[in-house]
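S.K.: Protein sequences appear in the order of chains A and B. If you read the first sequence in my numbering, its first letter stands for residue -14, the second for the next number, and so on. If you read the second sequence in my numbering, its first letter stands for residue 32, the second for the next number, and so on.
Please note: incorrect hints may appear among the correct ones.
Quick list of simulated restraints, FRET-style, between CB atoms [to be verified]:
| id | chain 1 | residue 1 | chain 2 | residue 2 | range |
| --- | --- | --- | --- | --- | --- |
| 1 | A | N23 | B | T189 | 46 to 52 Å |
| 2 | B | Q68 | A | V22 | 32 to 38 Å |
| 3 | B | E181 | A | T(-3) | 46 to 52 Å |
| 4 | B | E243 | A | E34 | 28 to 34 Å |
| 5 | A | L33 | B | Q68 | 23 to 29 Å |
| 6 | B | G276 | A | H(-1) | 43 to 49 Å |
| 7 | B | G276 | A | E(-12) | 53 to 59 Å |
Partner residues are not named here, just some residues of chain B that face chain A (Cβ under 10 Å, in silico) [to be verified]:
| id | residue |
| --- | --- |
| 8 | I41 |
| 9 | K46 |
| 10 | R55 |
| 11 | S94 |
| 12 | E194 |
| 13 | A228 |
| 14 | L232 |
| 15 | H284 |
These are calculated hints, taken from the structure and not from any lab test. Heads up, the beta-carbon is just placed ideally off N, CA and C, and yes, glycines get one too.
Here is how the chains run, residue by residue.
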Amino acid sequence: MTECIECGAELTLHDDLETGEIVDCTTCGTELEVIDVNPPVLDRAPELEEDWGE
Amino acid sequence: MHVGVLYSRIRRDEKLLLSELRERGHEVTKIDVRDQQFGLTDAPAAFEGVDVAVDRCLSTSRSLYVTRFCEAYGVPVVNSAATADVCADKAKTSLALSEAGVPTPATTVAFTVESALAAIEEFGYPCVLKPVVGSWGRLMAKIDSESAAEAILEHKATLGHYEHKVFYVQEFVEKPGRDIRVLSLDGEPVAAEARSADHWLTNAAKGAEATEFELDDEATELVRAASDAVGGGLLGVDLMETSDGYTVHEVNHTVEYKALDDAVSVDVPAAVVDWLEATVAEGEGVEVTA
Chain A
-14 MTECIECGAE LTLHDDLETG EIVDCTTCGT ELEVIDVNPP VLDRAPELEE DWGE
Chain B
32 MHVGVLYSRI RRDEKLLLSE LRERGHEVTK IDVRDQQFGL TDAPAAFEGV DVAVDRCLST
92 SRSLYVTRFC EAYGVPVVNS AATADVCADK AKTSLALSEA GVPTPATTVA FTVESALAAI
152 EEFGYPCVLK PVVGSWGRLM AKIDSESAAE AILEHKATLG HYEHKVFYVQ EFVEKPGRDI
212 RVLSLDGEPV AAEARSADHW LTNAAKGAEA TEFELDDEAT ELVRAASDAV GGGLLGVDLM
272 ETSDGYTVHE VNHTVEYKAL DDAVSVDVPA AVVDWLEATV AEGEGVEVTA
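Extracted from the complex, chain A is given alone in its bound form:
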């Protein structure tokens, strides 16, 4: 079971989780970055930077 590190809610994760992907906690809305997939490890995602984009 993976918990949100912000609010402790249980997270339901996709099967095709990728390191570097962002998942949202559906309980508190925190953006979480996938640090590892096996087993899943999550951390708070970096804040938006001004030079991000396409």
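Given the coordinates of chain A, work out where chain B should sit on it, guided by the hints.
M.R.: Coordinates of chain B only, in the frame set by chain A:
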């Protein structure tokens, strides 16, 4: 082939690309550029055996440097550092398009609040003030009056990064509630979408609605010319429709295509990987296999 995907965040765009590469049996190394250290001569170990690096950096500054380092190491990179350099900066993009004879909105760059205000007055109201580096429609200002211009310029000069003191002033183009995004591969259009919104900004990131768009000959030719102007590669070329035809206002070098892939009948990630395979084969002079 062995593909190094340079990233700091895996968006749905990257997941689509990774899936397509893996389904075809290609070796994929995800390289989080935040974990790397780039010396002057030797590539980091993560690049070992990579046939082509695909720059999918979310951060423009990282994209600019990492592509340059790849080239220094002799690692083929998509897109090239030169293309990234032109596309990352709106002033450089405007210059490249203009020099190539590609229709692009009238633009003036000024370095002080006073000269920027004079440029704005010259364009008249409304006109547009954009950051030279930025994306997703952020920090774009449609200026409707002199008092608004004075306030925005003062804020940019006082609060902004030094790049915000490069004032990029552009004519406001009356468009029919939409602009056109074309994904092109070395100038060949793969798919196009119209991005519609009630707001003057029609970026997908701002919530514009995407629908498939069929390019006519004029638009197709402009996409080719715009791609050539910035050095080619995997690009998102943005056009607006005007009463005189099209104008190209932006070319994106780390193009997002998830909205496009949803909107069109073309399999966009498959087309991108087809092109990557051909690009690597051309570089090696051999047929690319998994």
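S.K.: The hint names B/I41 as touching chain A; please verify it with the least Cβ-Cβ distance against 10 Å.
M.R.: Hint on B/I41: holds, closest Cβ of chain A at ~4 Å, below 10 Å.
S.K.: Just tell me: holds or violated, for the beta carbon distance of B/E181 and A/T(-3) against 46 to 52 Å?
M.R.: Taking Cβ atoms as reference, B/E181 and A/T(-3) lie about 51 Å apart, which means the hint holds.
S.K.: Per the hint of 32 to 38 Å, is the separation of the Cβ atoms of B/Q68 and A/V22 within bounds?
M.R.: The hinted range 32 to 38 Å is violated for B/Q68 and A/V22, with Cβ atoms some 24 Å apart.
S.K.: Taking the closest Cβ pair, is B/H284 under 10 Å from chain A?
M.R.: holds, 8 Å
S.K.: Using the nearest Cβ pair, does B/S94 come within less than 10 Å of chain A?
M.R.: Since chain A brings a Cβ to about 9 Å from B/S94, closer than 10 Å, the hint holds.
S.K.: A range of 46 to 52 Å was offered for this pair. Does it hold for the Cβ distance of A/N23 and B/T189?
M.R.: Taking Cβ atoms as reference, A/N23 and B/T189 lie about 49 Å apart, which means the hint holds.
S.K.: Given a cut of 10 Å on the nearest C-beta pair, is the interface hint for B/A228 held or broken against chain A?
M.R.: violated, 17 Å
S.K.: For B/G276 and A/H(-1), compare the CB-CB distance with the range 43 to 49 Å and indicate the outcome.
M.R.: holds, 44 Å
S.K.: Is the hint on B/E194 kept, meaning its closest Cβ partner in chain A is under 10 Å away?
M.R.: Because about 9 Å separates B/E194 from the closest Cβ in chain A, which is inside the 10 Å limit, the hint holds.
S.K.: Would you check whether B/K46 satisfies its interface hint, that is, whether its CB is within less than 10 Å of any CB in chain A?
M.R.: Holds: closest Cβ of chain A sits about 6 Å from B/K46, inside 10 Å.
S.K.: Could one say that the CB atoms of B/E243 and A/E34 fall in the range 28 to 34 Å?
M.R.: This hint holds: roughly 32 Å between Cβ atoms.
S.K.: When the nearest CB of chain A is found for B/L232, is that gap smaller than 10 Å?
M.R.: violated, 14 Å
Of the numbered hints given earlier, the model fails hints 2, 10, 13 and 14; all others are met.
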